[in-house]
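Take these sequences, add in the hints, and give me the full structure.
As they're listed, the protein sequences go chains A and B. Per the numbering used here, the very first residue in the first sequence carries number 1; after that it's consecutive. Per the numbering used here, the very first residue in the second sequence carries number 243; after that it's consecutive.
Since the hints were made in silico from the structure, they are not lab data. Careful, some of the hints might be misleading.
[To be verified] Under 10 angstroms between C-beta atoms, here's a sample of chain A residues computed to sit facing chain B:
id : residue
1  : M1
2  : S3
3  : G189
4  : I190
5  : E226
6  : P233
7  : E236
[Said to hold, decoys possible] List time: in silico DSS-like cross-link candidates among lysine-lysine, alpha-carbon distance up to 30 angstroms:
id : chain 1 : residue 1 : chain 2 : residue 2
8  : B       : K286      : A       : K234
9  : A       : K180      : B       : K315
10 : B       : K255      : A       : K165
11 : B       : K255      : A       : K26
12 : A       : K165      : A       : K29
13 : A       : K180      : B       : K283
14 : B       : K305      : A       : K231
15 : A       : K174      : B       : K286
16 : A       : K231      : B       : K315
17 : B       : K286      : A       : K230
18 : B       : K286      : A       : K180
19 : A       : K31       : B       : K283
20 : A       : K180      : B       : K255
21 : A       : K239      : B       : K315
22 : A       : K174      : B       : K315
Every residue gets a Cβ at the ideal spot worked out from N, C-alpha and C, and that includes glycine.
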Amino acid sequence: MLSKRELARYERQLILPEWGKEGQRKLKKSKVLVAGAGGLGSTVLTYLAIAGVGKIRIIDSDKVELSNLNRQVLYSDSDIGKKKAVCAGERLESLNPYIQIEAIDEVITENNVFELVADYLIVDALDNLPTRHLLNSVAVKRNLPLFHGAVHGLEGRATTIIPGKTPCLRCLYKGVIPGKIPVVGITPGIIGCIQAAELVKYILGVGELLTNRLTIFDGLSLRFSEVRLKKDPKCEECKSCH
Amino acid sequence: MGVNVRISSLLRKFTDGQELVEVPSNSPLECLHSVIEQFPKIKKWLYDNQGELRPQVWFFVNKERIYADDLNKPLNDGDELLILLAAGGG
Chain A
1 MLSKRELARY
11 ERQLILPEWG
21 KEGQRKLKKS
31 KVLVAGAGGL
41 GSTVLTYLAI
51 AGVGKIRIID
61 SDKVELSNLN
71 RQVLYSDSDI
81 GKKKAVCAGE
91 RLESLNPYIQ
101 IEAIDEVITE
111 NNVFELVADY
121 LIVDALDNLP
131 TRHLLNSVAV
141 KRNLPLFHGA
151 VHGLEGRATT
161 IIPGKTPCLR
171 CLYKGVIPGK
181 IPVVGITPGI
191 IGCIQAAELV
201 KYILGVGELL
211 TNRLTIFDGL
221 SLRFSEVRLK
231 KDPKCEECKS
241 CH
Chain B
243 MGVNVRISSL
253 LRKFTDGQEL
263 VEVPSNSPLE
273 CLHSVIEQFP
283 KIKKWLYDNQ
293 GELRPQVWFF
303 VNKERIYADD
313 LNKPLNDGDE
323 LLILLAAGGG
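See below:
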């Protein structure tokens, strides 16, 4: 049920024919886990919260650092040293008091990942491959969609993983570029928006998802390109899904 | 007419900014070696010190992802080979 205040808040999206009150109710009933509240996470969380996703679980064990502030738009100088998940939660609650936010200040491990994910839709906004693989493993085993994004400098990529229908993250990733990752705020901004858009479309059941496709954003030439993805026949994670 | 190797923006600084490098038609791995011959500085981003292909190197032929079993299969004149490095930042 949407209150009068909610109907007024979401008016501009409710008038979209593919959205409407029914779409808004779907968003309100949905549960989304955002793993990582950094550059990608800041953007994804912001747009999911203001769109009206009813329940958002944020997981991040880091504290806000000064060097985060060039790209992690949920935080400000006064947050430095504070728990990122908690700060993000407070900021999102102020952006939209009509949704529920759960902030979890924990490291994702193989021992807690199943409990943390539960049956939430998964946003992969992480910055390390081992944890991305843990989330992927839960997604495959529980048949949950995973909305993936990754950035490096002025280049970013995104794809939507639907277990059984698309390659899984382990099909695609065997390693990543090592070392300290350069990031400019605009790149996770753009890729995070793509992840949020995919999630909203998935929940509403509209449009065409970024499945079996990888979108590549090249900020240097300001071009988007796209390539087709396919399962790795040797993937140990999703071989039973082939 | 050979194979056009498309270099992703992350690697283009090693090809003097060139996005497309034309090489003789051959397998994806041989095409990669031809690019390295022309631009030796790119090698350390693609191969480790033991001479093994780095796991973060992704290959796409005519915009479709290929995996290890396809790396030695011949490409045709006019094919496009895209080389991407897996990004990991969030």
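(message) For a C-alpha distance cap of 30 angstroms, please report whether K286 of chain B and K180 of chain A respect it.
(response) 17 angstroms, holds
(request) Verify the proposed pairing of K255 of chain B with K165 of chain A, using a straight-line Cα cut of 30 angstroms. (result) 36 angstroms, violated
(request) So, S3 of chain A near chain B? Judge it on the closest CB pair being under 10 angstroms. (result) Violated. Min distance 35 angstroms.
(message) Take the shortest C-beta to C-beta distance between G189 of chain A and chain B; is it under 10 angstroms?
(response) Given a least distance of 13 angstroms, the restraint on G189 of chain A is violated.
(message) Please verify whether K174 of chain A and K286 of chain B have alpha carbons no more than 30 angstroms apart.
(response) 18 angstroms, holds
(message) So if I understand the rule, the pair passes when the alpha-carbon distance is 30 angstroms or less; does K231 of chain A with K315 of chain B pass?
(response) With Cα atoms ~18 angstroms apart, K231 of chain A and K315 of chain B stay inside 30 angstroms; holds.
(request) Take the C-alpha atoms of K305 of chain B and K231 of chain A, compute the straight-line distance between them, and say whether it is at most 30 angstroms. (result) Given that 30 angstroms is the threshold and the Cα spacing comes to 15 angstroms, the pair holds.
(message) Just to be careful, I want the Cα atoms of K165 of chain A and K29 of chain A compared with a cutoff of 30 angstroms; is the pair within it?
(response) 25 angstroms, holds
(message) Please verify whether K255 of chain B and K26 of chain A have alpha carbons no more than 30 angstroms apart.
(response) 46 angstroms, violated
(request) Quickly compare the C-alpha distance for K31 of chain A and K283 of chain B to 30 angstroms and report which way the hint goes. (result) 47 angstroms, violated
(message) Under 10 angstroms is the threshold here; is the Cβ of M1 of chain A close enough to any Cβ of chain B for the hint to stand?
(response) With Cβ-Cβ at 36 angstroms, over 10 angstroms, it is violated.
(message) Does E236 of chain A hold up as a contact with chain B if the rule is Cβ-Cβ below 10 angstroms?
(response) 13 angstroms, violated
When each numbered hint is compared with the structure, violations occur for hints 1, 2, 3, 4, 7, 9, 10, 11, 19.
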